[in-house]
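A.B. asks: With chain W fixed as given, assemble chain U onto it according to the hints.
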Amino acid sequence: MTDASVPSPSSPREVLSSLGELTRRVRSAQRGTWFPLLLFGVLTLGGILVDRLTFTLQTVTCSPAPGSADIAPASCTLARQGSPVYWTLGVALAYGATAYFYVRQARSRGVGSPVRPYVIAGAALLALVAATTFWATRHGVPAPRTPIDFLGLHLDPASEFTQFLERFTGEAATIGLPLLVLAWAERNRALLSFALAYLLVELAPISTGWAGISATSPWSGLPRLALPAGFLLLGALGFALAQRARQRDAS
Amino acid sequence: MTTEPDQHPVNSLDDVVHQRVRLGILTVARQARRVEFGFLRTTLGLTAGNLSQHLTVLEKAGLVHIEKGYEGKRARTWLSLTPAGDRALRDEVAQLKRLIEQIEQGGWPVAT
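Line by line, the protein sequences give chains W and U. Heads up, the first sequence is in this note's numbering, so the first residue is 1 and it goes up one at a time. Heads up, the second sequence is in this note's numbering, so the first residue is 1 and it goes up one at a time.
Worth flagging that the hints you see were computed from the coordinates, not collected in a lab. Here a beta-carbon is modelled for each residue, glycine too, at the ideal position from N, C-alpha and C. One or more hints might be untrue.
Going by beta-carbon spacing under 7 angstroms, a handful of chain U positions derived as facing chain W [unchecked claim]:
(1) Val21
(2) Thr27
(3) Val28
(4) Gln31
(5) Ala32
(6) Arg33
(7) Gly38
(8) Arg41
(9) Tyr70
(10) Asp91
(11) Ala94
(12) Leu96
(13) Leu99
(14) Ile100
Simulated restraints on C-beta separations [unchecked claim]:
(15) U:Glu71 with W:His154: 55 to 63 angstroms
(16) W:Ala215 with U:Gly38: 45 to 53 angstroms
(17) U:Glu101 with W:Gly230: 46 to 54 angstroms
(18) U:Gly49 with W:Ile120: 37 to 45 angstroms
Next up, chain W with everything else stripped away, as it sits in the complex:
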């Protein structure tokens, strides 16, 4: 086709198709999906160790169980583990490293980077989650069967809804939701499916019973963290291999 050519019946379609192919090649050069997945996978694995090291058991007084004949306060065992500082600092550093990696990689390949919306979404959600976590830490861990007063809401710690909120304001919000933004920024359908599957893993009520680990064991955080960590690391491996194959095909 030249400047003066009149398109033949198939040529406009061919032109649009070749533009689509060019767009795909640029997108492929801009992607570095494996890197944040690897960082978050390693961070989640590290979380298992942090949970183990910060594990404490406390005996507290709590209200009698509903329907119980006793009216006197009962004694309950409260297990505490995890460090908000580890997650806040770790996720913040991971976003910083991801931004640096993406910009550097894109520049070396000769294209601009689409990472900005991802990092902004990640940082904003992290700030929100960190504020909630530090608020909760400041108010102390509620004793079992004592309602939590959060922004005027009286939440029952044992209710499904409260437990869902707790899971949601963790890695699901700080890692999973920003991955959806990255999938949009990269126009990456594989990453969109991966991010949705990751959110399912994070939001699923994974208890420790099936793994034969009691809730009062120092390793009780293992199943809850090992599953998403393994998922993220496998994802990192998959995306890295796919990227390598695309680069081999392009060269």
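C.D. replies: For chain U alone, coordinates are given in the frame of chain W:
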């Protein structure tokens, strides 16, 4: 670029934008946000001289912004779309889609 309702889409194609290589340059620059000369040359399979000629045409038309600089000791040329370039590319793609529609509907009706 505006189109009269009864104007054939072919007449609405901009000659500066419609040329195959320049259309490719604009497409790559739009997706990449900022693209380096070497990446464009490899992706479009052009010689440096040929690419430079097309870039000059696009720059004169105000469709791209060219930035020259150094990275270490290496000279690098980056280009990005101007708002006019972005608009021109959108219009071109819209006209091509209209043209496909016209072809599929059996051609443009002849006025009697």
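A.B. asks: Compare the structure with each hint and give your call.
C.D. replies: Results of checking the hints against the structure:
1. Val21: violated, 10 angstroms
2. Thr27: Hint on U:Thr27: holds, closest Cβ of chain W at ~5 angstroms, below 7 angstroms.
3. Val28: holds, 6 angstroms
4. Gln31: holds, 4 angstroms
5. Ala32: Since the shortest Cβ distance to chain W is 4 angstroms, the answer is holds.
6. Arg33: holds, 3 angstroms
7. Gly38: Holds, about 5 angstroms.
8. Arg41: Violated: closest Cβ of chain W sits about 9 angstroms from U:Arg41, beyond 7 angstroms.
9. Tyr70: It is violated, given that the least Cβ distance between U:Tyr70 and chain W is near 13 angstroms, above 7 angstroms.
10. Asp91: Violated, about 14 angstroms.
11. Ala94: For U:Ala94, the interface hint is violated, since the closest Cβ of chain W sits about 11 angstroms away, which is over 7 angstroms.
12. Leu96: Holds: closest Cβ of chain W sits about 5 angstroms from U:Leu96, inside 7 angstroms.
13. Leu99: Status holds, d = 5 angstroms.
14. Ile100: holds, 5 angstroms
15. U:Glu71 with W:His154: 55 to 63 angstroms: holds, 59 angstroms
16. W:Ala215 with U:Gly38: 45 to 53 angstroms: violated, 58 angstroms
17. U:Glu101 with W:Gly230: 46 to 54 angstroms: holds, 49 angstroms
18. U:Gly49 with W:Ile120: 37 to 45 angstroms: holds, 41 angstroms
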